[in-house]
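In order, the protein sequence lines correspond to chains V and H. Numbered by the numbering used here, the letters in the first sequence go through residues 1 to 565 in order. Numbered by the numbering used here, the letters in the second sequence go through residues 1 to 452 in order.
Worth flagging that the hints you see were computed from the coordinates, not collected in a lab. Where hints are given, some of them may not hold.
Below, a sample of chain V positions facing chain H; criterion: calculated Cβ distance under 10 Å [as the list claims (entries may be wrong)]:
1. Ile90
2. Glu111
3. Gly115
4. Phe119
5. Tyr153
6. Glu155
7. Gly197
8. Gly202
9. Ser518
Ideal Cβ placement from N, Cα and C applies to all residues, glycine included.
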Amino acid sequence: MISPEKEEFVVITLNGTEVEVPNGINAVEAAALHGKEVPHYCYHPKLSIAGNCRMCLVEMGTPMRDRATGEPILEDNGGPKIGWVPKPVIGCATNVSPGMHIRTESDLVNECREGIMEFLLVNHPLDCPICDQAGECRLQEFATDYGRGYSRYIERKNVKPKRTRLGPRVTLDDERCILCSRCIRFSQEVAKDDVLGFVDRGSFSTLTCFPGKELANNYSLNTVDICPVGALTSTDFRFKMRVWFLKESKSICSESSSGCNTLVSSREGVIQRITPRRNDLVNDTWMTDSGRELYKSVQSEDRIRRPSADGSDLPLEDAISRAFETLKEKKLGLVANCRSTLEEQFLTQRLAELTDAKVFIRGHFGEDDGILLSADRTPNLRGALVAGLTNQYPAEHLNELNQSISDGEIDALLVIGEDLLESGITQENLDKISLVFMGTTQNSSSSSANVVLPGLSVFEKSGSFINRSFLLQCFDQAIPGPAGLLSECKILSKLVNLFSNETKVLSELHDVWQAMSSMEDSVLSGIEFSEIKKGAVQLDGSKWKHLSFVEKEALHHKPMDLITA
Amino acid sequence: MNASTPKERRIILKHADDPKYSNQIGCYLREGGYESLKKAFSMKPDEVGEEVLKSGVRGRGGAGFPAGMKWKFLDRKSGKPIYLICNADESEPGTFKDRQIMYKDPHQLIEGMMIAAFAIGAKQAFIYIRAEFHEGARILDRAIIEAKKAGFCGDQILGTDYSCNLVVHRGAGAYICGEETGLIESLEGKRPNPRIKPPYFPAVLGLYQCPTIVNNVETLCNVRHIIEMGGEEFSKIGKPNNTGTRIWCVSGQVMNPGYYEFECGSLTLGQMIFDVCGGLQPGRSLKAVIPGGSSAKVLRADERFTGSLKDGTEFDWGLEDIPLDFDGPMSAGSMSGSGGIIVMDDTVDIVEAMANVNAFYAHESCGQCTPCREGSLWMRKISQRMCSGGAREEDADLLLSVAKQIEGRTICAFGEAAAWPTQSFVTKFKDDFIRKATDSQKDRDPKSLQLI
Ligand SMILES: Cc1cc2nc3c(=O)[nH]c(=O)nc-3n(C[C@H](O)[C@H](O)[C@H](O)COP(=O)(O)O)c2cc1C
Ligand code: SF4
Ligand code: SF4
Ligand code: SF4
Ligand code: FES
Numbered sequence: 001m002i003s004p005e006k007e008e009f010v011v012i013t014l015n016g017t018e019v020e021v022p023n024g025i026n027a028v029e030a031a032a033l034h035g036k037e038v039p040h041y042c043y044h045p046k047l048s049i050a051g052n053c054r055m056c057l058v059e060m061g062t063p064m065r066d067r068a069t070g071e072p073i074l075e076d077n078g079g080p081k082i083g084w085v086p087k088p089v090i091g092c093a094t095n096v097s098p099g100m101h102i103r104t105e106s107d108l109v110n111e112c113r114e115g116i117m118e119f120l121l122v123n124h125p126l127d128c129p130i131c132d133q134a135g136e137c138r139l140q141e142f143a144t145d146y147g148r149g150y151s152r153y154i155e156r157k158n159v160k161p162k163r164t165r166l167g168p169r170v171t172l173d174d175e176r177c178i179l180c181s182r183c184i185r186f187s188q189e190v191a192k193d194d195v196l197g198f199v200d201r202g203s204f205s206t207l208t209c210f211p212g213k214e215l216a217n218n219y220s221l222n223t224v225d226i227c228p229v230g231a232l233t234s235t236d237f238r239f240k241m242r243v244w245f246l247k248e249s250k251s252i253c254s255e256s257s258s259g260c261n262t263l264v265s266s267r268e269g270v271i272q273r274i275t276p277r278r279n280d281l282v283n284d285t286w287m288t289d290s291g292r293e294l295y296k297s298v299q300s301e302d303r304i305r306r307p308s309a310d311g312s313d314l315p316l317e318d319a320i321s322r323a324f325e326t327l328k329e330k331k332l333g334l335v336a337n338c339r340s341t342l343e344e345q346f347l348t349q350r351l352a353e354l355t356d357a358k359v360f361i362r363g364h365f366g367e368d369d370g371i372l373l374s375a376d377r378t379p380n381l382r383g384a385l386v387a388g389l390t391n392q393y394p395a396e397h398l399n400e401l402n403q404s405i406s407d408g409e410i411d412a413l414l415v416i417g418e419d420l421l422e423s424g425i426t427q428e429n430l431d432k433i434s435l436v437f438m439g440t441t442q443n444s445s446s447s448s449a450n451v452v453l454p455g456l457s458v459f460e461k462s463g464s465f466i467n468r469s470f471l472l473q474c475f476d477q478a479i480p481g482p483a484g485l486l487s488e489c490k491i492l493s494k495l496v497n498l499f500s501n502e503t504k505v506l507s508e509l510h511d512v513w514q515a516m517s518s519m520e521d522s523v524l525s526g527i528e529f530s531e532i533k534k535g536a537v538q539l540d541g542s543k544w545k546h547l548s549f550v551e552k553e554a555l556h557h558k559p560m561d562l563i564t565a
Numbered sequence: 001m002n003a004s005t006p007k008e009r010r011i012i013l014k015h016a017d018d019p020k021y022s023n024q025i026g027c028y029l030r031e032g033g034y035e036s037l038k039k040a041f042s043m044k045p046d047e048v049g050e051e052v053l054k055s056g057v058r059g060r061g062g063a064g065f066p067a068g069m070k071w072k073f074l075d076r077k078s079g080k081p082i083y084l085i086c087n088a089d090e091s092e093p094g095t096f097k098d099r100q101i102m103y104k105d106p107h108q109l110i111e112g113m114m115i116a117a118f119a120i121g122a123k124q125a126f127i128y129i130r131a132e133f134h135e136g137a138r139i140l141d142r143a144i145i146e147a148k149k150a151g152f153c154g155d156q157i158l159g160t161d162y163s164c165n166l167v168v169h170r171g172a173g174a175y176i177c178g179e180e181t182g183l184i185e186s187l188e189g190k191r192p193n194p195r196i197k198p199p200y201f202p203a204v205l206g207l208y209q210c211p212t213i214v215n216n217v218e219t220l221c222n223v224r225h226i227i228e229m230g231g232e233e234f235s236k237i238g239k240p241n242n243t244g245t246r247i248w249c250v251s252g253q254v255m256n257p258g259y260y261e262f263e264c265g266s267l268t269l270g271q272m273i274f275d276v277c278g279g280l281q282p283g284r285s286l287k288a289v290i291p292g293g294s295s296a297k298v299l300r301a302d303e304r305f306t307g308s309l310k311d312g313t314e315f316d317w318g319l320e321d322i323p324l325d326f327d328g329p330m331s332a333g334s335m336s337g338s339g340g341i342i343v344m345d346d347t348v349d350i351v352e353a354m355a356n357v358n359a360f361y362a363h364e365s366c367g368q369c370t371p372c373r374e375g376s377l378w379m380r381k382i383s384q385r386m387c388s389g390g391a392r393e394e395d396a397d398l399l400l401s402v403a404k405q406i407e408g409r410t411i412c413a414f415g416e417a418a419a420w421p422t423q424s425f426v427t428k429f430k431d432d433f434i435r436k437a438t439d440s441q442k443d444r445d446p447k448s449l450q451l452i
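Chain H on its own, in the form it takes in the complex (with noise of 0.2 Å):
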C-alpha cells in the first residue's frame, strides 16, 4: 500500500474484525449500542423520519432509492397495519456484506431496525434471511430475545406504549426472494412470483396488502448512525447524494479480496484493486470488472468513459479512474448495484464468464413473465453452446437481440439484470465472441452439415 492509498472508514463494520468484540448484547451495549435507539425515541416518529431523509442516505440493496424518500412514500391514511421488512436475502453473486453485519454485529441491525419501525409506524418487522444463512438465522434469533429481554425490541419497547415485534423469516432459497414483491409473496407463504407495478408498489399494497417498507441490511444499520449523529452530520460523510460509507465486496482475481468499507467517493475503482486489494497476480493484466455484483455491466479495462456529472463536470474516465459511490459506475453506464466488485484478469475467457453469469440467471429467473423465462434460457442455451465447440459467428448478434428482447419488457428488475450482462460482455467484447466462432469452425470441413 502507498501513501496515497485512502483509509478505511468503518461505520458498519465497525467492530466487524475486532477479536475482541462477540455478538452478543454484552459488546454491543459496552460500545454504546442502543443508544441511537433512545435518542430516536426521545423525538417524534415524523422527526426521525426527517432526519434520515436529511442524511440522503441511498439504498445499498441495489437500486439506490434514498431510504427517506421511501418511507414518505408510505401510504399512511388507508389505516392498515404497517409492515417494515429488512431484506436479507443477499443473493447477488459478487455480494457478502450483509452477512458480515448479521453475523457479527446482529444488534447493530435490530437497533436501526427498530429505529425505522418507530419512524414508520410499524408494529411488526421481519428480517427476511437468506436460506443458506443457518447460522445467521440463529445469531439473529438468540440476538432478538437478548434485546427484547432488555427492552429493545418488542412489548413495550423502553419502557414506552410503543411495541413492535420482530421476526425472523427464513428464506425460501432462490435469488428472486431478493426482489421486494417477490419476497413479499415469499412471506406470504408462496411462491415468489414478484409483483406488477402498478399497483402494488409495496408502499401502498405489500406484505398482505398493506402498506409496507422493504430496506436492505445495510441501509437499516446506517439509520441508527443517522440518528446517532444527525441527518445532516451524517451527509457530510462521502459526497453530496452520495452520502455516507459504502461496504465494498471485492471478489475475482485480486490478492486480497474481501469487503472494505470507504467513505463514498473517497477512493477509484483502480485504488481498490491495486492498492486496497494488493493488485493482480504477477504477470496478470486487467482485463474487465463488474463493479456492482453480476447484474451490473461489465467495464473494459482499457475502455473510456466520458460525460458529464449531474453538477454539470465534465469527467473523462479510465476505468480505474471511476470513483467508488453510486454516481460514479453510473456515469460509467453500469453501476454500483449491491457493492460486489468482481475482477477478471487476462487469463478469464470472457464468453465462459457471460455462459456463467447467464447460466445463473436461466437457474434463477421465476418464469413467470414471458421475456425474462425464455429469454434468460435460450441465452444460457446459446452461450453454453459457444463454449463447447459450437460457435457460430451470428451468436454474437442474436444474444443481442435476445438481451434487447428482454430488457424493458418484464414484471420485475431481473429482466434486466439478465439482459444487461450479456449485452455489456458482448458489445464490449465482440472480438472474443467472433473468436470462439473461428476457433470453433477452425477445424470443421467447409463442406459439413451445420450442427444442429
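Same shape as in the complex, but just chain V (with noise of 0.2 Å):
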C-alpha cells in the first residue's frame, strides 16, 4: 500500500519492462505494485529501514550521465545507457527515481536469496513441526522458494536460550531469532518502550530484554505479529491451535474510539485470537494487547444467554411481546449506548421517535495512551451523534435519567447495555420503574429488568462504528451467536414494528442502511451500503466540532480544533 501524500508518480524499469510507480517509495514496494515479490525480512513498512537481514538484494542500475556536461549518455541505439551498480543494492533502501532499472528477477538476485536463506538456517532450529509458527513462518516460506533442499552444514549450530520469558503475554525463542530487530525497532519507535535490545556479538547475538525491564506494555503483542518466525509468541496463543485450521473476519476493535481494523481468527465458532489488520488510516499495523483480549468475554460467566421475563426463561419471539407490553403506553425513557453499532443506534432513535420517549446516554472514558487506546472508551460515541440520539458530549453517568424518575416523568425504561446503578440511579429509582434490559451481560440493569432481551456480541454479528476521526467503518461477523438469539438490530425492528404497527422488518443491515442513507440532511445521506463495505469513509464531522471530544492527538488522529486552527 502506498501513503496517499506520496502520489507523484515516476517511470522505472522493472525486470526490462517499464513501469508506473509513485515516486520515491522503495524497490520492494515498487515491485509489489507490479506483482514481484522481493522477499524481506527486516524491511516493515511502518518502522524504519535497518537493512541487516540482506535478503532484499536487487539489482540496480540508473541513467548514466556525463560528468562534465551532465548531459544523458546514450547507447547506440539511442537509449540512455544504464550504470549499473557492481553490487546487488538492499531493495528496502532503495527509493526509486525517474529512469532507474531494477532487477528482481536474475541469477545474481536469486544467488544472493539462496545464500542468505542458506546463512539464516545454518543456525536455525529447523523444527518447523513443533514450531508455533509454522503455516505463517516468513522463514519456512522462503525456504521453500529459495532453500537449497540439503544442507551443507555440519558443524554443530549454535545454542542460545529458549522459551524465554520476555513479559507477561509474550514468549521469546532465541534460537529461533533472525536477529531482523523488527521487534526493537517497534518498541523504540511505535510503543515507545525501549526495553529490547541485543548483546553478544556476530552470531552468538541474542535478543533479550534490558536489565530489570520487561516487555509489558500494551502493544507488546505486536512484535509477535511483526515477528517474520517462531522467535516471538503470544503466550496465551502459542500451541494452541495450528493456524492453518483459522478462519479470519474483518472486524472493528471495540476496546475505544480509535477504531483499530482487526482479523478475528476463530475455528468451529470459537475464536482463538484477535490480530490487527493493516489500516494506513486508522492503526497501521497495530492495536492494543488489551484490545486482543476482548473476545474472551464471548464465554464469560456472566454472558446473557436466554431471554427471561419475571425471572424465567421464555423463547425470543415472546419475551419482544412482553418488552412490548412492558413498555406501552408508558412514560418511556430509553438509555441508548455508545457501544451500540451505528445501525442499532439509528434504529433506537427511530424507537424514540416512535414512541416520544426521552433518550438518554452516557459515556465510559479512561487515560489516552496518545497511540491506539483513546479516552473514549467506546467504539461509537459518534455514531450515537450521528443517529441523533443526543447532541450533547455524553457525560459520564445518567443523573439527569435519576433526576427524571424522581420527578416522576419516567416510569418505564428501556436500557441497552448500561449497568443503571452504576451510572447513578438510585437502587430506590429502580425499583419504582418497569424495565426492559437488552445486553450480553448481566449487571444491576439486567437483574432488576422484568424482561432481559440477550444480545449478541461484536464478533456475532455485522455492523458499522463511527471511529475518532470520524472515520465510519463496517465490521463483519465472524462466529456465530448462542442458539436462539437474534441481533439488536432485529429485536429493535421488531419493537419498531411492534409500536409503530408497521409490517416491513429492516431485518437486515442493507435494509437500515437504505433508510439511513435516504435521511435528509444527515452525513449519511446518500452513502451506500456496499460502499462502507469496500473500506472506510470519512464523514464531515464539522457540525459537532464545538462538542469538547476528549481524545488526545494521537496516531493518525488529531483533535477537531487542531485541524482547524
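Relying on the hints, combine the two individually framed chains into one complex.
The following block contains the structure:
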C-alpha cells in the first residue's frame, strides 16, 4: 500500500518492462505494485529501515550522465545508457527515481537469496513440525522458494536460550530469532518503550530485555505479529491451534474510539485470537494487547444466553412481545449506548421518535495513551451523535435520568447495555420503574429488569462504527451467536414494528442502510451500504466541532480544534 | 643492510625514537610545533582545504580515499553543526602505527586536527581511541590540556574568534568500532552497528545526523605537514597518486619486526622484508605475505603478478617486486590497507593461519547483517574443524562458496574483510587445504561413518 501523500508517479524499468510507480517509494514496494515479490525480513512498511537481513538484494542501475556536461549518455540505439551498480543493493533502502532500472529476477538476485536463506538456516533449529509459527513463517515460506533442499552445514549449531519470558504476554525462543530487529524498532518507534536489545556479537547475538526491564507495554503483542519467525510468540495463543485451521473475519476493535481494524480468527465457532489488520488511515498494522483480549467476554460466566421475563426463560419472540407490553403506554425513557453499532443506534432513535421516549446516553472514559487506546472507551460515541440520539457530549453518568425518575417523568425504561446502578441511578428509583434490558452481560440493570433480551457481542454480528476521526467503518460477523438469539438490530426492528403497526421488518443491514442513507440532512445521506463494505468512509464531523471530545492527538488522529487551527 | 637499501624518510615519526624527545608540549614547540596551525589560521578555511586537496594525500585508515576530496563532499548547506572525528581505534590485526604517533607525539595529532577542524568549520572534534589504549587516552588528555592552555585548541584558538573543542572518547572495545559509521554509533552511546549507506554517509548524515568527517590518525597528522610545506610541495613526496610517506608495520617471521616510515613507492616489499627488516630467520624461506592488515588478501611467495598500471605501464612482478605504496599491492590484487605487513615463512601451517584470521572475524562481526554474521562463524567452524583432524576434501570449495556469499552483500566493508582472507588463502594454497584433508582421512577406516 502507498501512503496517500506520495502521489507523484515516475516511470522505472522493472525486469526490463517500463512501469509507473509513485516517486520515492522503495524497490520492494515498487515491485510489489507490479506483482513481483521481493522477499524480505527486516523491512516493515511502518518501521524505520534497518537493512540488516539482506534478503531483499536486487540489481539496480540509473541512467548515466556525462560528468562534465551533465548530459545523459546514450546507447548506440539511442536509449539511455544504464550504469548498473556493480554490487547488488538492498531493495528496502533503494528509493525509486525517474529512469531507474531494477532487476528482481536474475541469476545474481536468485543467488543472493539462496545465499541468505542458507545462512539464516545454518544455525536455525529447523523443527517446523513442533514450532508454533509454522504456517505463517516467512522463513519457512522463503525456504521453500530459495532453500537448497539439503544442508552443507555439518558443524554444531549455536545454542541459545529457549522459552524465555520477555513479559506477561510474550515468550521468546532465541534460537529461532533471525535478528531482524523489527521487535526492537517497534518498541522504540511505535510503543515508545525501549526495552529490547541484542547482547553479544556476531552469530552469538541474542535478543533480550534490558536488565530489570520487561516487555510489558500494552502493545507488546505487536512484536509477535511482526516477528517473521517463531521467535516471539503469544504466551496466550502459542501451541493452542495450528494457524491453517483458522477462519479469519474482518472486524473492528470495540475497545475505544480509535477503531483499530482487526482480524478475528476462529475455528468452529470459537475465537482463538485477534490480530491487527492493516489500515494506513487508522491503526497502521498495530493494535493494543488489551483489545486482543476482548473475545474472552464471549464465553464469560456472566454472559446472558437466554431471554427471560420476570425471572423465567421464554422464547425470544415471546420475550419481545412481553417487552412491548411492559413498555407501551408508559412514560417511556430510553437508555441508548455508545457501544451499539450505528445501525442499532439508528433504530433506537427511530423507536424513541415513535414512542416519544426521552433518550439518555452516557460515555465511558479512561486515560488516552496517545497511540491507539483513546480516552473515549466506546467504539461509537460519534455514531450516537450521527444517529441523532443526542446533540450533547455524553457525560460519564445518567444523573439526569435519575432526576427524571425521581420527578416522576419516567416510569418505564428500555436500557441497552448500561448498568444503571453504576451510572448513578439509585436503587430506590430502579425499583420504581418497569424495566426492559437488552444486552450481552449481566449487571444491575439486567437483574432488576422485568424483561431481559439477550444481545450479541460484536463478534457475533455485523455492523459499523464511527471512530474518533469520523471514519465510518464496518465489521463482519466472525462467529455465530448462541442458539436462538437475534441481533439487537432485529430485536429493535421488531419493537419498532410493534409500536408502529408497520409490518416491514428492517431485518437486514442493507435495509437499515437504505433507510439511513435516504434521510435528509444527515451526514449519512447518500452513502451506499456497498460503499462502506469497501473501506472506511470519511464523514464530515464539523457539525459537532463545538463539542469537547476527550481524545488527544494520537496515531493518525488530530483533535478537531487542531485540524481547524 | 646493503648499500642500495632505501633510507627511511620520517615525517610523521620524526621524533618517535628520539630519546631526548618527550610527548610534552615543550618538546613539540621546540621542534617547530604549532607553527603550521598559525600558518593555517592566516589562510581562509577553503584555502586550507585546497592545499590538502592539492597534496593528494590519501586516507591512511584502510580505504585510501583522498582526504581533500572527502572534505569536499561535506554537506555545508544543511546549517547543522559539523563534526570532526579522529579514528584512533586502530584494531586491524598487524597494525600498530597510530599508537606510536599518539603515545610519542600527541601534539602532532592535535595540531593536525585543529587545522582540519578549521578547514571544515567544525566546532567540536573527537578522538575516538581504542579502548585498550589506556595510556594513550591519558597522554592525549594531558596534551589537550596543555594545548588548550597555550591557546592552540578549545576557545578562541590563537586569539581568533574561532573555537573548537576537542575531547578524547574511549572506544567500546570492538574491532567494528573502527568502521566509521559503527564508530559514530558508538560515539553516540549505542552498539556500534554500522549504518546503511545510502543514506547515512558521514559527510551528510554522520554524528547525531550532522555532517561529519572521519579521518585516521596518520591522515590527520599529515595535514599538519601539508600546511607546513604547502600542498604542491607535499605532493612531490612519493609518487603521483601515492603522495607522502607511509608508516608500515611489519610483523611475523622477520628478524626485525617494527614500524618503518618510507616515502610511498620508494621501496619494494622484498626490500622491506629482506633489507629493512633483516630477512627471515636462518634456513627459512618465505611462504606468504599479507600486505595491508589481516583483511587484505594474502600474497604467495612464488606468485607472479602481471597487468598494467593506471598510467598504462605494463608490470610483471614477483612478490618481492611489489612497490610499497597504495597502488602497488592493489595492482597485485590485494591492498595496502592499514599498512600492516604480516610475513609468514615456510614453518607456517597455512590452514591454521587462515583459521586464526577467521576466528578473529567471527568474533568481531557485529552480527547485524546475515551474510557476515553467519558466514564468518561458519568459516571459523570449518577452518577449526580442518585444523582438528576433521578436514574433508570438499571443505576448500565450501569455504570459497561461503566467502562468495558474503562478499559484496553486507552493510559494511567488514564483509569483504572477512571474506577476502578466506578467498585468497584457499585459492592460492589449495594444495595445503587438500593435503590437510588427505592427512586427516589417512588413518581412518574408509568404512567408518562420516564424522558429524
Ligand atoms: C571493519 C573495519 C574496521 C576499520 N577499522 C579502522 C581503524 O581501526 N582505524 C581506522 O583509522 N580506520 C578503520 N577503518 C576505516 C574507516 O572506516 C574509515 O574509512 C577511516 O577511518 C577513514 O579515515 P581515512 O580516510 O583517513 O583513512 C575500518 C573500516 C572497516 C570496514
Ligand atoms: S521459525 Fe519458521 S522456519 Fe523456524 S522452525 Fe519455526 S516455522 Fe520452521
Ligand atoms: S525476535 Fe523476531 S522480530 Fe525480534 S529480532 Fe528476532 S526475528 Fe526479528
Ligand atoms: S558486515 Fe558484519 S560487521 Fe558490518 S554490519 Fe554486517 S554484520 Fe556488522
Ligand atoms: S528487507 Fe532486510 S535488508 Fe532489505
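Review point. Out of the numbered hints, which ones does the structure contradict?
Key: 9
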